[in-house]
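Trainee: The listed protein sequences correspond, in order, to chains A and B.
Residue numbers for the first sequence follow this note's numbering, so the first one is -8 and each next one is one higher.
Residue numbers for the second sequence follow this note's numbering, so the first one is -8 and each next one is one higher.
Check each hint, because a few of them may be wrong.
Pairs involving identical chains hold if they fit within one copy or between any two copies, as the list cannot separate such chains.
[Claimed, not checked] Heads up, simulated BS3-like pairs for lysine-lysine below, C-alpha to C-alpha not over 25 angstroms straight-line:
#1 K319 to K305
#2 K157 to K345
#3 K345 to K187
#4 K157 to K319
#5 K135 to K81
#6 K308 to K187
#7 K286 to K354
#8 K286 to K184
Read the hints as simulated data drawn from the structure, not as lab findings.
There are 2 protein chains.
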Amino acid sequence: MFVERKVREFINVDPLQTGGVLTEDARRMLVEWGDGYSVCDFCEGNLHEIRNPPVKEFVQELAEFLDCDVVRITNGAREGKFAVMHSLAKRNAWVVVDSNAHYSTYLAAERAGLNVAEVPNTGHPEFRIVEDGFAEVIEETRKKGEVVLAVLTYPDGKYGNLPDAKRVIRACHDYGVPVLLNCAYSVGRMEVKAGKLDADFVVGSGHKSMASAGPIGVLGMKEEFAKVVLRRSERFGNKEVELLGCTARGVPLMTLMASFDHVRERVKRWEEEVEKARWFCGKMEEMGFGLLGEKPHNHDLLHFESPQFYEISKRVKARGYFLYKELKKRRIHGIKPGRTRSFKISTYMVPKEKLEIVLEAFKEILEKYQSFITPPK
Amino acid sequence: MFVERKVREFINVDPLQTGGVLTEDARRMLVEWGDGYSVCDFCEGNLHEIRNPPVKEFVQELAEFLDCDVVRITNGAREGKFAVMHSLAKRNAWVVVDSNAHYSTYLAAERAGLNVAEVPNTGHPEFRIVEDGFAEVIEETRKKGEVVLAVLTYPDGKYGNLPDAKRVIRACHDYGVPVLLNCAYSVGRMEVKAGKLDADFVVGSGHKSMASAGPIGVLGMKEEFAKVVLRRSERFGNKEVELLGCTARGVPLMTLMASFDHVRERVKRWEEEVEKARWFCGKMEEMGFGLLGEKPHNHDLLHFESPQFYEISKRVKARGYFLYKELKKRRIHGIKPGRTRSFKISTYMVPKEKLEIVLEAFKEILEKYQSFITPPK
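Extracted from the complex, chain A is given alone in its bound form (with noise of 0.2 angstroms):
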C-alpha cells in the first residue's frame, strides 16, 4: 500500500512541523537506513555507544550543542520528561508547570502518579509565565507534599512565550527544586544552552524543531541526575531501566543525525526567524488579526485572534471549515481544519515570499467574505 502525502507541495506553515521539515541529507538517510534495526548493525549493547553508524560521536557533539553533562535519546520530548518524572516520583509528592505547558506534561505527571500545581500566567491577551509564581506556588505546595520537579516550557506550544528561564530556575533552586525545561519548540531553532540557564534537565523534540523525522528526542541532564534518571539495571547491568535499554533505534535517529549540522548552524540565524516572525505579526494586525502571547514576540509560534472568520463560519456552508478549505485550495497547508475563532500559525524557515502568498491568502478570504463580516444596511 502506497499513499501520498497530499499537502506536501503546499506552502507550510503548521506550527507542529515547520521546523520538523527534513534537510536532503536526512531525506537520502531514510531510505539507506530504513530497514528495521539498521542503527544496530553493530551495536554492543547500548544505542548511545554505537560507532557505526557514529551515534556516540553524534550524542557527544548533542551533549556540547545542549551544554549538558549527559545526553540520551528518546522516543519524543514527552518520553523524555516521563522518564524523568518517573525517576523522580515518590508518593503524595508534586510537580510545579507553568500554566502553558503542554497537555503530554500533565500526562507524564499523571502517569508517574504525580500532583500537578500550577503556576498562573497574566491572562488574555499575553498569557505571560509569572515567573515569581514559581516561588510562591511551590511555597504553597510544599505544605501538601514534598515538589520533586519544576517544568518550565520554553516556549509554549499555545502562544510561543519565551519566559524568563534563568529567573525561574534561580527561583526552584532557592528551593532546592530541580527544573526541567521542554524545549520542544526551542531546541534546534533557537540557541538552548541548558548548562548556562542552570537548567536540571533539558527536553527537546527531533520531529518539532530538529529537521528529523519522527517520533524522536533528546534528553539532556546534569551528572548528578544522571545517577537517578539513568540508573541501570540489577539484572541486566548495562542497561538504562528507565530507557527500556533502549530507545529510537531507527530512521529518525539517522534522520536527526543527518540534519544535526544543518540544525547547528541554523539556530544562529534565530534572530533573523524572530524579525520575520515581527514582521508577518505586523502584517496580521493590519488586517485586524489580534496577536495573543508577548508583545513584541519572541518566536515563530504564533497564535492570533481572528474574530473575522468566526464570523464567516456562522454564515457560510462549510461552518467551520470555511477557512481550511480556502487555505487548501491555495495549496496552504497549517491552520487546524475546524478553527476560526483563533488560530496557530508558525512563520519557522518559511521564506518571506511564500508568507506574502498566505498574507494575500488572508487578504483576499476577508474580501470574499466581507459581506458576512458587516452585514449591508
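Given chain A, put chain B in place with the hints provided.
Mentor: Coordinates of chain B only, in the frame set by chain A:
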C-alpha cells in the same frame, strides 16, 4: 551529514533484521512521509483515529489480524509490555515470566516496580519452557505477593522456541492471572491469533517482524483490560495516559502500514519458512554445528553451538573476530562480531540460493582453518 550503510547489499541473516526489511512500498512511504509530524496533518486528537493517512482503518485491520478487541500503536514491543505492567502494577506484586524472556521484559518489570519470578526451561540443549511450570511458579509466588501478570515469550529470541501458548494461558487463567504474549518474533512472520489463544495481551514489533522501519510496536488486548491500560487522562479526557497521549506518529507507522498487505500474505507462507529453516539446520549439523533449542525447530531463529570456531579463535590473530571478518569478506552480515562459541542466525525471507552461499562460507572457513581445529600430528 550522510552516512552510508555498508552492509546494505550484503546477505543478511541477522535475527534482528530479517523480518524488518522494508517492502518497496514502505521505502517510498519513508520519503513521502519523512517530515516530522506529517502523519499528524489531519489528526483530531488521537493517532489511532486519523483518517488521512488511513491510520484508523489500518488499526482496525490490525485488530482483526491479531484477533484482539482493541489495538494500539506503541513505540515498540518493550513499550507495550511496560504500558501493560505499569497499568497492572501494585505494591509488592509480581510478574511471572518464562526464563527465555527478552531482557526488555525484565526491564519493563523493573521500571514498573514489579518483582519477577521465572518459569524454568529444560536447560541445554533444547531450553524448552516447561509449560506446566507456570502453574507451579504462580502457586509459589502467590505466597509472597499478588501475581498481576504472566509473560510468555513466543518465541524467545535466544533459541526461537515456541512453547504451547494455549496451555500456558489456560494454566495462568486458572489462577486468575492475565497473560501477555511477547510476539516480537512472531507477529508478522507467522499467524498469531490472540483471541484464539485466549491471550489477554499481545505485543508485536514492527521493525523486528513486520517489514517496518523502527522503532514501532503493536499492542493488542481484550476489551476488559482496555479500561485499565488505556485509561484516559483526568484532565485531558481524550488522551490515553499510558501512551502519554500519542506514540509512534511518524515514518515508522507509515512503513508499518505500507508493508501490511505484504505481511498479511507472508504469514500464510510460514510453513515454507519453517521447512527452509529445518533444511538449513540439517546442513549445519552435517558440518558439525549443534542446534540449540527445539528439535525439530519451529522457527527461523536458529542458535548453533560452534566449538570448532571457538577453537580457531584461540589460535588466530583476530581472536573472536575472525568469524565476523571472514563473513564480511564474503558480504554476509548478521553474526554478532566477536562471537564464536555459539551464534544466532535467521533464515527468514532469505532465499535458499543465498543460504547456500552462507553454508558454503561456513564450509570454506572450516576448511581454511582446519589445521587449527585438529592440530597436525
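Trainee: Against this structure, judge whether each hint is valid.
Mentor: Evaluation of the provided hints:
Proximity of K319 and K305 under a CA criterion of 25 angstroms is satisfied intra-copy only: 20 angstroms inside one chain copy versus 68 angstroms between copies. In this homomeric assembly, K157 and K345 never come within 25 angstroms of each other (Cα to Cα): the closest approach is 36 angstroms inside a single copy and 60 angstroms across copies. In the homo-oligomer, the alpha carbons of K345 and K187 never lie at most 25 angstroms apart, since the shortest distance is 36 angstroms inside one protomer and 55 angstroms across protomers. In this assembly of identical chains, the alpha carbons of K157 and K319 never lie at most 25 angstroms apart, being 42 angstroms within a copy and 53 angstroms across copies at closest.
Taking the closest pair of Cα atoms, K135 and K81 come within 25 angstroms of each other both inside a single copy (13 angstroms) and across two copies (24 angstroms). Within a single copy, K308 and K187 get their C-alpha atoms no closer than 54 angstroms, and across copies no closer than 49 angstroms, so neither meets the 25 angstroms cut-off. Proximity of K286 and K354 under a CA criterion of 25 angstroms is satisfied intra-copy only: 23 angstroms inside one chain copy versus 74 angstroms between copies. Within a single copy, K286 and K184 get their C-alpha atoms as close as 24 angstroms, which meets the 25 angstroms cut-off; across copies the closest is 58 angstroms, which misses it.
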